[in-house]
Amino acid sequence: MIVAERKSINELVDMLPNGSKILVLGCGTCVTVCLAGGEREVSIIASALRIASRTRGLDYQVSELTIERQCDNIFIEQAAEAIEKADVVLSLGCGAGVQAIAERYLKKPVYAGLNTKFLGILEERGIWTEKCAQCGSCVLHQFGGICPVTRCAKHLLNGPCGGSREDRCEVRPDRHCAWQLIYRRLKGIGQLERLEKIEPPKQWSTSLSGGPRVIIREDHRI
Amino acid sequence: MKDRATTIVAFCCIYCAYAAADLAGSMRLQYPANVRIIRTPCTGRLEVEYFLKAFENGADGVLVAGCEEGSCHFKEGNLIAKRRVAYARKFLAESGLEPERLKMVNVSAAMARQLTEHIKEMAETVNRLRPSPLNTTKQSARQEAKL
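In order, the protein sequences belong to chains A and B.
Everything in the first sequence is counted per the working numbering, starting at 1 for the first residue and increasing by one.
Everything in the second sequence is counted per the working numbering, starting at 1 for the first residue and increasing by one.
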């Protein structure tokens with residue numbers, strides 16, 4: 001899922017114009033699961049903005065709504081009335097959600113209430129970790145299902161680097177060395193010979209480095 | 001500024017602090033009259049927005065009274081509440097309210113005297129900080145007029 005983190009109330013106050021009707025718009029998908037932009041967080045942020053409005057004399061009028069998915073027009077339609085009534089929309093969706101709303105409402109300012117961080121999983125209660133860098137050319141089969149592009153701090157495809165301490169990364173000692181994990185995993189599934197293959201330099205043009213990506217499925221187009 | 005009595009909202013867990021408040025009554029213990037006790041099934045049931053909404057709706061101080069750590073009827077409800085109170089305090093600070101207005105305390109059902117002391121301490125904190133600025137602004141005056 002997409003993992004995001006809230007912006008501080010000070011940052012939000014800086015971006016939101018005084019005296020405006022603000023719709024705090026949540027998203028019921030990824031950012032709900034990562035506890036950043038779901039119905040509960042909408043309620044908390046809206047409350048905090050109302051309090052900030054009154055302590056700082058900002059004269060905000062704050063309303064709240066959470067839709068199932070902000071990156072999908074079908075669900076955005078459900079917010080149409082609330083968006084029309086508001087002067088500005090503070091989206092607690094990921095970056096895709098914010099832009100989906102902004103593209104649909106050309107005359108409505110839409111602001112991002114979250115910092116979208118990465119594609120990851122819930123590692124344990126209250127801890128999310130990055131698992132996929134969306135490089136556009138998956139190599140997971142080669143490395144026992146552990147991604148060196150994302151989880152090795154140096155993105156090495158022919159690791160390890162030699163700087164790891166025990167099983168820890170030298171760049172982030174609180175994180176595992178991805179190559180240690182890959183070795184253990186490949187050993188466990190009896191595929192250690194995969195490490196004998198020298199990986200050629202990665203083709204990064206399929207990643208964001210090649211520009212914004214688009215997928216066209218002709219079979220779904222009319 | 002209109003002179004206004006302060007209000008303290010105390011969320012009390014039914015298994016400990018609420019019983020302690022009951023005991024305080026039986027023991028004829030005195031505590032500030034401006035505290036409004038809300039019975040809760042467990043402090044772990046309390047969400048961050050409950051605390052913020054209490055302030056929005058006129059509370060000058062909020063006390064969260066749960067069981068002693070390790071004694072929660074639901075094992076970890078009071079530990080969850082402790083984290084949520086800390087998280088809510090961040091929002092208060094960012095929004096311009098003093099975080100000291102929100103506090104968590106731990107008492108057992110037998111600790112009536114300690115509970116009244118915690119309530120008195122919160123009343124003193126609120127007196128020192130003055131009424132919540134939310135209750136002295138134009139918007140709140142408008143809300144009061146509507147009521």
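One or more hints might be untrue.
With a cut-off of at most 25 Å between alpha-carbon atoms, the simulated DSS-like pairs for lysine-lysine come out as follows [to be verified]: (1) K103(B) with K120(B); (2) K21(A) with K120(B); (3) K53(B) with K85(A); (4) K90(B) with K103(B); (5) K53(B) with K21(A); (6) K117(A) with K53(B); (7) K117(A) with K131(A); (8) K82(B) with K197(A); (9) K120(B) with K7(A); (10) K85(A) with K107(A).
Computed list of chain B residues with no C-beta within reach of chain A, every gap over 10 Å [claimed, not checked]: (11) E49; (12) A86; (13) S95; (14) L129.
Since the hints were derived computationally from the structure, they do not count as laboratory data.
Predicted, not measured: the structure shown is a model, and the values here were computed from it.
Backbone N, C-alpha and C define an ideal beta-carbon position, used for all residues, glycine too.
Structure-based check of each hint:
no.: 1; hint: K103(B) with K120(B); verdict: holds (13 Å)
no.: 2; hint: K21(A) with K120(B); verdict: violated (40 Å)
no.: 3; hint: K53(B) with K85(A); verdict: holds (23 Å)
no.: 4; hint: K90(B) with K103(B); verdict: holds (12 Å)
no.: 5; hint: K53(B) with K21(A); verdict: holds (19 Å)
no.: 6; hint: K117(A) with K53(B); verdict: violated (29 Å)
no.: 7; hint: K117(A) with K131(A); verdict: holds (12 Å)
no.: 8; hint: K82(B) with K197(A); verdict: violated (52 Å)
no.: 9; hint: K120(B) with K7(A); verdict: violated (36 Å)
no.: 10; hint: K85(A) with K107(A); verdict: holds (13 Å)
no.: 11; hint: E49; verdict: violated (4 Å)
no.: 12; hint: A86; verdict: holds (13 Å)
no.: 13; hint: S95; verdict: violated (4 Å)
no.: 14; hint: L129; verdict: holds (13 Å)
In this structure, the hints that do not hold are numbers 2, 6, 8, 9, 11 and 13, in rising order.
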